[in-house]
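S.K.: Okay, here's what each chain looks like letter by letter:
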Amino acid sequence: MMNLILGMDMGVFLAWIGTLLATVLCIVYGLYYQFIKKSEKKQQPESSKEEEKKQQGDH
Amino acid sequence: MDIWFFIITMALFAGVFIFLGYIGYRKTKTAEDYFVAGRTMGALLIAFSYGATFISAVALIGFSGIASVYGHSILWLAFLNVFVGIFIAFVFYGLRTRKMGLSLKAMTLPELLGNRFNSVKLQQISGLIIGVFMVAYTSAVFLAIASLFQVTFGIPYWICVVVFTLIVGVYLIFGGLYAVMYTHAVQAIVMLVGMIILTVGIYAMLGGIGPAHEAAAALTPEMLKSIGSPAATQAPNGLTSMPPFLSQPFMMVLTLIFGVGIGVLAQPQLITRYLTAKDDKALRRAIPYGGVFILLMTFTAFSIGPLCNVLMYQNNIPYPVKETAGVMVANPDAVVPTIINQLFPSWFILIFLFAILAAAMSTAAALFHTAGASLGRDVYEKSSKKKISPERSIFITRIATFVIVIATLIITLNPLDVVAYMTAFFFGLMACTFLAPYTLMLYWKKTNRFGVWVGMLGGFVFTMAWYILIYFKTAPKIIGSPLIGDYVINMLDPIFIGLPLSFLLTILFSLIRKQDKEEEALMKKSFENI
Numbered sequence: 001m002m003n004l005i006l007g008m009d010m011g012v013f014l015a016w017i018g019t020l021l022a023t024v025l026c027i028v029y030g031l032y033y034q035f036i037k038k039s040e041k042k043q044q045p046e047s048s049k050e051e052e053k054k055q056q057g058d059h
Numbered sequence: 001m002d003i004w005f006f007i008i009t010m011a012l013f014a015g016v017f018i019f020l021g022y023i024g025y026r027k028t029k030t031a032e033d034y035f036v037a038g039r040t041m042g043a044l045l046i047a048f049s050y051g052a053t054f055i056s057a058v059a060l061i062g063f064s065g066i067a068s069v070y071g072h073s074i075l076w077l078a079f080l081n082v083f084v085g086i087f088i089a090f091v092f093y094g095l096r097t098r099k100m101g102l103s104l105k106a107m108t109l110p111e112l113l114g115n116r117f118n119s120v121k122l123q124q125i126s127g128l129i130i131g132v133f134m135v136a137y138t139s140a141v142f143l144a145i146a147s148l149f150q151v152t153f154g155i156p157y158w159i160c161v162v163v164f165t166l167i168v169g170v171y172l173i174f175g176g177l178y179a180v181m182y183t184h185a186v187q188a189i190v191m192l193v194g195m196i197i198l199t200v201g202i203y204a205m206l207g208g209i210g211p212a213h214e215a216a217a218a219l220t221p222e223m224l225k226s227i228g229s230p231a232a233t234q235a236p237n238g239l240t241s242m243p244p245f246l247s248q249p250f251m252m253v254l255t256l257i258f259g260v261g262i263g264v265l266a267q268p269q270l271i272t273r274y275l276t277a278k279d280d281k282a283l284r285r286a287i288p289y290g291g292v293f294i295l296l297m298t299f300t301a302f303s304i305g306p307l308c309n310v311l312m313y314q315n316n317i318p319y320p321v322k323e324t325a326g327v328m329v330a331n332p333d334a335v336v337p338t339i340i341n342q343l344f345p346s347w348f349i350l351i352f353l354f355a356i357l358a359a360a361m362s363t364a365a366a367l368f369h370t371a372g373a374s375l376g377r378d379v380y381e382k383s384s385k386k387k388i389s390p391e392r393s394i395f396i397t398r399i400a401t402f403v404i405v406i407a408t409l410i411i412t413l414n415p416l417d418v419v420a421y422m423t424a425f426f427f428g429l430m431a432c433t434f435l436a437p438y439t440l441m442l443y444w445k446k447t448n449r450f451g452v453w454v455g456m457l458g459g460f461v462f463t464m465a466w467y468i469l470i471y472f473k474t475a476p477k478i479i480g481s482p483l484i485g486d487y488v489i490n491m492l493d494p495i496f497i498g499l500p501l502s503f504l505l506t507i508l509f510s511l512i513r514k515q516d517k518e519e520e521a522l523m524k525k526s527f528e529n530i
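Protein chains in written order, with our numbering: chain P, 1 to 59; chain D, 1 to 530.
Read the hints as simulated data drawn from the structure, not as lab findings. Incorrect hints may appear among the rest.
As the list claims (entries may be wrong) - Below are the DSSO-like pairs computed for lysine-lysine, each with C-alpha atoms no more than 30 Å apart in a straight line:
(1) D:Lys105 - P:Lys37
(2) D:Lys105 - D:Lys473
(3) P:Lys37 - D:Lys281
(4) D:Lys445 - D:Lys525
(5) D:Lys385 - D:Lys281
(6) P:Lys38 - D:Lys385
(7) P:Lys37 - D:Lys278
(8) D:Lys525 - P:Lys38
(9) D:Lys514 - P:Lys38
To be verified - If you anchor each label on the Cβ, the simulated ranges turn out as follows:
(10) P:Leu31 - D:Ile196: 21 to 29 Å
(11) P:Val28 - D:Lys446: 29 to 37 Å
(12) D:Val163 - P:Met10: 23 to 31 Å
(13) P:Val28 - D:Val163: 41 to 49 Å
(14) D:Asn316 - P:Val28: 42 to 50 Å
No residue lacks a Cβ here, since even glycine has one placed at the ideal position from N, Cα and C.
Let's have the full structure, built from the sequences with the hints guiding it.
M.R.: Take a look at the structure:
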């Protein structure tokens, strides 16, 4: 009988723990950009919404 | 279950969606509002909308059924769903797609390709591929959910199809992407509640995580055979172990994991979600919400599938079967519904059905919206020589979406084999057709129109040919027997060959011919904020 971790063999356990760790990575990434990394304000191109509004105003 | 209770609950459910559709309608003033929700969405709405679009009823019921056959090895797909489907997708695709979409004023994937490579034809052809295959895929979503409701409540199939399609059609056509995303938030919450109760309930019945998995591992092939479970032969090393390397079950799991796990990156309905973000921060903050949502959907669904075998064995419940061509065969799709019907209280049956309905409706609404935009904006509008006002653009897409809703309704009421094949093709086809041009467009400045055309069509033709001539699931039904009989080869998802081929073709043909001046100017413009 092979060794089981939480009732799973090594291949399945890696998938199981990998999924949880991938979720933790997502959470840490979000927290890092929310609280630690300073936001870089860059010049954004004008969205087509403003253009459309201008276009509607011209009519 | 009391049919009247169902009807009242269904009416309330529909009422909420129609109301949100009305709010969307009121907010929709410009084409950008209709197609990308005004590019004003925050993190939570993006995450819920992306997750609810990503996870369909098929993913919840179908894949947990598949897990009951192949065991917990399918958890590798849950890993890819979170790591590739959320983390890689948002960090490496989402952020650049949003910026490039803004620079090029693009609101759909075909428009992004067309504007980036200065080709209306490219936009039209990619729009046509997306629109046509999405109708088939949406039809399959409604077919699955209507069949489930027919079995559970005894409501005629056609009534389920008409009601579900019309509810989605109404709020979507009028409310545009605002309505789709608002309803997605509600649907995502319903899905979360359903899946959390289901998972906690099943693990609690089996004594917790460790004992539940140990009970699954202890099921021998003889025990599984006694309840008629196909896992007796398809999970040869046990339900909580990987199948033997290159065995038939291993190839089956491998093809599912990569076909769906990687294919997610090129799904046009998901790419649209990046374009709705109000800023980079919203996309980055959507990552944790999205990760947790997908974890609570796929990780739970794939974990409980194999455990259903334990519950069936302990409670003397036979593995569900269905009749196919006069023969009774195992029916994995019915595994979770059977367990819920037999072992859960009736109040939960209703919650679960609405969770599944929410999953189906959310995916269908996103598909309708993307298909409508593809055929209306990318194909029809671009074939017009006249300049089209934003109001007219919305009108055209509403008409295109209406046509698609009606076409889906007709197809779902009269299911054809060809629709089933097109649905089976969908994920792989989108990945092999669009992933290489889309990735290279975002990262490689030398990518040009010629390369994208060859890569896109090369991937498309190869994938169609693979599904029709070689792939073990589809080829026997279309041409009788696959051209290649060797199961290791014919069980490979086309993504294994089609995707590298499409990358190779795009790179090679981009190197052969240089960008013209207009293309070069557009390339510079598209990268100016990246």
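S.K.: Now tell me if each hint is right for this structure.
M.R.: Hints, one by one, checked against the model:
1. D:Lys105 - P:Lys37: Since the Cα atoms of Lys105 of chain D and Lys37 of chain P sit roughly 28 Å apart, the hinted pair holds (cutoff 30 Å).
2. D:Lys105 - D:Lys473: Given that 30 Å is the threshold and the Cα spacing comes to 41 Å, the pair is violated.
3. P:Lys37 - D:Lys281: holds (11 Å)
4. D:Lys445 - D:Lys525: It holds: about 11 Å lies between the C-alpha atoms, which stays within 30 Å.
5. D:Lys385 - D:Lys281: violated (39 Å)
6. P:Lys38 - D:Lys385: Cα-Cα ~47 Å, so violated.
7. P:Lys37 - D:Lys278: Since the Cα atoms of Lys37 of chain P and Lys278 of chain D sit roughly 18 Å apart, the hinted pair holds (cutoff 30 Å).
8. D:Lys525 - P:Lys38: The given pair, whose Cα atoms are some 26 Å apart, holds under the 30 Å limit.
9. D:Lys514 - P:Lys38: Violated - the C-alpha atoms of Lys38 of chain P and Lys514 of chain D are around 39 Å apart, more than 30 Å.
10. P:Leu31 - D:Ile196: 21 to 29 Å: Taking Cβ atoms as reference, Leu31 of chain P and Ile196 of chain D lie about 23 Å apart, which means the hint holds.
11. P:Val28 - D:Lys446: 29 to 37 Å: holds (35 Å)
12. D:Val163 - P:Met10: 23 to 31 Å: violated (48 Å)
13. P:Val28 - D:Val163: 41 to 49 Å: holds (43 Å)
14. D:Asn316 - P:Val28: 42 to 50 Å: holds (46 Å)
Hint compliance for this structure: hints 2, 5, 6, 9 and 12 are not met, and every other hint is.
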